[in-house]
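Asker: Residues per chain are reported as follows:
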Amino acid sequence: MLTDPSFAGQIVVMTAPMIGNYGTRPEDEQSRRPWVEGFVVKNLSDGAPLGREPLSAYLERHRIPTLVGADTRAITRHIREAGSMRAGIFPAALDEAEALSRVMAEPPMAGRDLATVVSAPEPYRLEHPDAHGSVVCLDYGVKQRSLDLIREAGYSVLVVPANTPTPSLLEARPSGVFVSNGPGDPEAVPGAAEKVRALSDAGLPIFGICLGLQLVARAFGGRTYKLPYGHRGGNHPVKNLDTGAVEITSQNHGFAVHSTAGVLDDAPDLRVTHLNLNDGTIEGIAHISRPVFAVQYHPESAPGPHDSRYLFDQFISAMHTTASTATG
Amino acid sequence: MPHRNDLESILLIGSGPIVIGQACEFDYSGTQACRALREEGYRVVLINSNPATIMTDPDMADATYIEPVTAEWVERVIERERPDALLPTMGGQTALNVSLELHDAGVLKRYGVELIGADHQAIRKAENREEFAEAMGRIGLAVPHGGFAKSVDEAVEIAEDTGYPAIIRPSFTLGGGGGGIAYNREEFEKAVRRGLEASPIGEVLIDRSVIGWKEFELELMRDGCDNVVVVCSIENFDAMGVHTGDSITVAPAMTLSDAEYQEMRNAAIAVIREIGVDAGGCNIQFAVDPETAEMLVIEMNPRVSRSSALASKATGFPIARIGAKLAVGYRLDEIENAITRKTMSCFEPVLDYVVVKVPRFAFEKFPMSDPTLGVQMKAVGEVMAIGRTFQQAWLKGFRALENDRCGWHPASSAEDDRLPDVEVPSIRAALRTPTPERSFQIYRALESGLKVEEIAALTGIDPWFLNELAELVEAAARFRDPSGIESSTEPRPEPDAAALLGMKELGFGDAELARLRGVSEAAIRGIRHQHGIRPVYRRVDTCAGEFPAATPYLYSTYETEDESALSERPKVVILGSGPNRIGQGIEFDYCCVSAALALRDEGYETIMVNSNPETVSTDFDISDKLYFEPLTLEDVLEIVEHEKPDGVVVQLGGQTPLGLARALDGLGVPILGTSVDSIDEAEDRRRFDALCQRLGIRTPDGGTATSIEQAIVVAEEIGYPVLVRPSYVLGGRAMEIVYDDPSLREYFERAIRASPEHPVLLDRFLEDAFEADVDAIADGERVVIGGVMQHIEDAGIHSGDSACVVPPYLLRDEDIETMRRHTRELAEALDVRGLINVQYAVFEDDVYVIEVNPRASRTVPFISKAIGVPLARVAARVLAGRRLDDLDLPERPVLLDMAVKEAVLPFDKFPEADPQLGPEMRSTGEVMGLADSFGLAFAKAQLSAGSSLPVSGTLAITVHDRDKPMVTPIARRFHELGFEVRATEGTAGYLGARGIPCGTALKLHEGRPNLLDLLLSGELQLLINTPLGKHAQHDDYEIRRAAVARGVPYTTTLSAASAAADAITALRSRTLSVCSLQDREKRRETVRAELRLPASEQVPT
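One line per chain: the protein sequences are L and X, in this order.
Residue 38 in the numbering used here sits at position 38 of the first sequence; the count goes up by one each step and never skips.
Residue 224 in the numbering used here sits at position 224 of the second sequence; the count goes up by one each step and never skips.
None of these hints come from the bench; they were simulated from the model.
Incorrect hints may appear among the rest.
[To be verified] Computed from the model, here is a short list of chain X residues facing chain L with C-beta under 7 Å: (1) Ser257; (2) Asp258; (3) Asp333; (4) Glu334; (5) Thr389; (6) Trp464; (7) Ala470; (8) Ser1073; (9) Cys1075.
[As the list claims (entries may be wrong)] When the alpha-carbon atoms are kept at most 20 Å apart in a straight line, the in silico SDA-like pairs for lysine to any residue are as follows: (10) Lys504/X x Ala70/L; (11) Lys190/X x Val152/X; (12) Lys342/X x Ala82/L; (13) Lys226/L x Ala188/L; (14) Lys504/X x Ala82/L; (15) Lys342/X x Glu81/L; (16) Lys342/X x Ala188/L.
[Unchecked claim] Here chain X is said to cover these stretches of chain L; the calculated rule only asks that three of the stretch's residues, wherever they fall, bring their Cβ under 8 Å from a Cβ of chain X: (17) 15 to 22; (18) 38 to 47; (19) 73 to 85; (20) 234 to 241; (21) 245 to 251; (22) 285 to 296.
Quick caveat: nothing in here was measured; it's all calculated off a predicted structure.
Yeah, the Cβ is synthetic: ideal placement off N, Cα and C, and Gly gets one too.
When you get a sec, could you build the whole thing from the sequences and use the hints?
Answerer: Below, the structure written as structure tokens:
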């Protein structure tokens, strides 16, 4: 979770009180470094089982300011009522007014392009020995598990920085495009929605998650807004409108797509495929005629339940279908 | 999808009496299910033999049958009620087994009854271990099974593969009944034999040992559209090898990483789909090898369970309620989350607190039994504690246990921690074997400097838990001696605010801190309050604060924000009864719940305080507010000072709240009902004797002693035999009858430590007296007698263990009238407001008062159901200031039938203990038999208690010499009923001489085949065995144990033997019918209408 780029620029408050009980391992890391700006917990374990690094040591090694012993439930309830907000972790000695003015000096989340910041500085490839083809991943803060799942399905992955121009993407002749999750305001990521639109116009299957969904929506006319306190954690019920089944999903997003009574606003070419059962917000969309679909939650689920892994299969078969139509 | 409208009425089967492994969690689940189904407009038909349950209150179902929970009797209910469906998953293993039996016998098909919730295939797949293993194989999951055996030889062959230790699990038993761990071939064969006997299909499973592996449970729900949610994960503190009911457990799981947890979750979802629980819940147990992370599926229960009750309480997700809704066709996403009332039930609760469950044991009641914890459950109750951290919850849990420790700390003597001494080698040796005291041994081990790694290796407990505990031990040591130099001469300074706050944040109780510092609890409380260190109350909300919680389900912690939302309404705090134990069980929860419902009707805000997760009282919608907290002075006082209620109810929760009454009263807390002074007058021996003398009521001669010398003097004054017991005890703890000086001495050495603070009471024992209980209710103006219940067993058997019958069938009318008069006089003299229970003995034609309890008694639910008047609810209204005159209470309630209460004893779970009744209570539960004749009512009660009386066969009699005249008419009746009668030589001769054909049977030492052989080879169907005195009873002990093991009904008193003859006569001559409580009430109305006579002339009780 600490290494999920979607948390870039944020202080994370853990509602679960007992943190770090089983330490960490390198294979749990979801990107090249931890991204959280600060970490607030009720209780932090010092130790770790054999072969794992204590979380406290990990946090220290990465110099992540961590507040231990906090009344995290009180903070959670405050955020629930007042919305997610700018905040800081300061030494107790610091004057309150001074602390507040430093917090206020920080830019608000709305309007921030953090995706470009966390994106890979250089393109890189994850090879599959007998790849059916390759997938371009537009990296706005992708998690390792997403890449692994695509590769395990038999595709090489080309991960590209957020600012990679469309023509060079098409040159790579990918089988499909994966639009990753990521932090910040989707509206503020320069040129991203246009790029998604262009790739789709080129006939490529597209699968977006989280920020990826917001970009897909924007590519086809949808609009996005900041949620009061976002969706976080691993227990959000989402209904798949195509099958009627409910998935328990892992979520981490602060923005959502505008909709009215379960229908997207201003995006007639997109239909809603998934809805959040708690608040009725949009959780999944698909293009009415193109192989383009996206979900607002995290089917790669690291951490979180695995109920939605089928979406990766759906992406793979979309690429198969497109490929066979192209050749046939 | 709306609920099914092709169903009209639904049959629900309860779990019967409280036994070890199947307790009041099924009252909780069943009650929820009843309410959930009735909400949807279904007609609910309920059968349960346990009168102490809330679910059998007539307003919980449309037709309530208090009848034996056996296939035969359920069929009679089906025949009469013709339900459309049967929901088999709410009454534990009992309901599941009976439902399966009904299916197999074609009964369900014949009457067109559909199994809903879980069908017979799913039940069979989950319950039959062989089919289960195959099913798991199909989805690629591993089980620890070695193989199945139907004989000892087959089992031995399997054990050659699995090796020792091996686990023996009988098929189709509850609470691991009959299971065991064997470390060698000899133990193994013994355990297999026992297991084969325990299994209704004569099959045992031999498992490879996974002792020492980590143990987890997941609670799942699945709807008819295949949506699955995991409600809760539970991690066992104790490693595999200890039954989960005997383990300390923690929710959520603490030591699983996300990857490991998700693997387990995926496996669990695959299991529920494969087994095919289509619309309901299940519990799945996993074992994980701490070395290799290999994961095995241990078992799956396709029904609600002890764990599902715990999970419901731990998360706020009411599994039984939702299970019932799923069973009638709802989807998870159509059922409202009752806590947030904003979101739906199709989600997975998240916890921002930690829950710890601690089991409560009763080994002190079974002195010869083996205290090792294993695969067969032995705990009689449990507490649950909620804290913001594991440490808080742990300490709170131990504080809530209400044993003789004020928290998690070692006892003052090594012996009480089950250690020979406190040397490290002894501790190390003890840690290898799990016993109820192991957590205290761990404390000592940590104190002695044993490393966490070593303790983990010895116990199999995850080092993470032990590290947490080590921090607590260190903190306690620091607090005890802040300067670091232990000095007994210097008074330690008063703890400063920071240190105190630190300890409170860790979770230490005031009493524990007082113990550490050597000061009084009041002193610690004083300092704490002076510094404003007070708890705040947080809500259990299913969602870790993400949504506002509409339901105030609260726990305390020391933090910054209070969420209890105090109201201005008139309010009442009801103190519950804490963990179930022998002597204080579900009956008191019944009373507390009754009070909550009645007081809500009276317009009060009802506030429940309790720590027992199994109960109905801790269901969050029974009261307006629930504080899930220990029932200690500290915790209760904080709640009372926080809520400032108009009154506190202490008389309905048994000894627990009553024990707090004096201290609360002293601190100015308003106690509702009978005054604390009156309670004291009834309990204090000297004051009580004076009161009886003043009223001219006889009591047995008695006295008090603070030493053995004094006791001998008192005993000689009053004359042997004497009944001895410590003062202020519950359930006859350490109560015995002694016949002479040496046995009195022996009692003092063995059983108790007398001291000036803890005097011992001695009473003349009224041998062969009849006993009776009277429950009554008073409002300061009137006293209404609920009923006079005659004990079937003679004096000397604890009233909780004695069968009893109402109306009395052998007492003289004049004695009954004397009892009524005395009860009235006592209630008036003590100015009772609410309930009072008086115990009487009739000895040589005189009525004696044995005991007065100005509080709800164990028999309140039983008598309420017998007379059709909910006494506990009436009492609650009286506590709220209502007059009996306003409550339309008849002076003499109408009794339509004979009602028999029978106790249910846990001897099958303690095979080494002597299964004989005595003055110390040992029953865990009770059943009720209702019929129009004593014989049939007694027969039903026996059947419900699991003792199926034979209608033919061979009766064996072995009795004390002095009982021979009395046993003669009984033997004659059995002979006339066609039984073959056999007896030991002397008795046989005696009976033969009186014209009763009687074969002989050898005593154990007289050669073979003897009585024991006859019993074991199944040649005896009934046994009458009266004890031959305390010393010469090894024979008796062996015989009774064999009877328990073989399930042969036996009686140890002649009155019960005579009742058995009545019962068998009834069973042979009567067509057996059933009648619901609601139909009885209609008949009662008719009787009342016909009688419209002056109150005093109505049908006498």
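Asker: Now tell me, hint by hint, if it's right for this structure.
Answerer: Do the hints match the structure? See the list:
The restraint placing serine 257/X at the interface with chain L holds, with a minimum CB-CB distance near 5 Å, inside the 7 Å limit. A least Cβ separation of about 4 Å between aspartate 258/X and chain L falls short of the 7 Å threshold, and the interface hint therefore holds. Of the supplied interface hints, the one on aspartate 333/X holds, with its beta-carbon coming within about 5 Å of a beta-carbon of chain L, less than 7 Å. For glutamate 334/X, the interface hint is violated, the least distance from its beta-carbon to any beta-carbon of chain L being 10 Å, above 7 Å.
For threonine 389/X, the suggested interface contact is upheld, since its CB lies about 5 Å from the closest CB of chain L, less than 7 Å. A least Cβ separation of about 5 Å between tryptophan 464/X and chain L falls short of the 7 Å threshold, and the interface hint therefore holds. For the restraint placing alanine 470/X at the interface with chain L, the shortest Cβ-Cβ distance is roughly 10 Å, beyond the 7 Å limit, so the hint is violated. Annotation: serine 1073/X was flagged as interfacial toward chain L, and the flag is violated, the nearest CB pair being 47 Å apart, outside 7 Å.
The beta carbon of cysteine 1075/X is not positioned within 7 Å of any beta carbon in chain L (closest approach about 45 Å), and the interface hint is therefore violated. A C-alpha spacing of about 15 Å is found between lysine 504/X and alanine 70/L, which places the hinted pair at or below 20 Å, so the restraint holds. The straight-line distance between the Cα atoms of lysine 190/X and valine 152/X is roughly 9 Å, inside the 20 Å bound, and the hint therefore holds. Proximity of lysine 342/X to alanine 82/L is assessed by CA-CA distance (about 19 Å); at most 20 Å being required, the pair is judged to hold.
Between lysine 226/L and alanine 188/L the alpha-carbon distance is near 12 Å, which keeps this suggested pair within the 20 Å criterion. The straight-line distance between the Cα atoms of lysine 504/X and alanine 82/L is roughly 30 Å, outside the 20 Å bound, and the hint therefore fails. Between the alpha carbons of lysine 342/X and glutamate 81/L the distance comes to roughly 16 Å, so the proposed pair stays at or under 20 Å and holds. For the given pair, lysine 342/X sits about 33 Å from alanine 188/L by alpha-carbon distance, which is inconsistent with the 20 Å threshold.
Under a criterion of three residues with beta carbons nearer than 8 Å to beta carbons of chain X, the stated coverage of the region 15 to 22 of chain L is upheld, 6 such residues being counted. Given as covered by chain X, the region 38 to 47 of chain L passes the check, having 5 residues with a CB less than 8 Å from a CB of that chain where 3 are the minimum. Coverage of a stretch by a chain is defined here by at least three residues with a beta carbon nearer than 8 Å to that chain's beta carbons; for the region 73 to 85 of chain L and chain X the count is 5, and the condition holds. With a threshold of 8 Å between beta carbons, the proposed coverage of the region 234 to 241 of chain L by chain X holds, since 5 of its residues qualify and at least three are required.
Check on the region 245 to 251 of chain L: 3 of its residues sit with their Cβ under 8 Å from a Cβ of chain X, so the three-residue criterion for coverage holds. A count of 0 residues in the region 285 to 296 of chain L with a Cβ less than 8 Å from any Cβ of chain X is obtained; the coverage claim is therefore unmet, three being the minimum.
Going down the numbered hints, you'll see the structure goes against 4, 7, 8, 9, 14, 16, 22, while the others check out.
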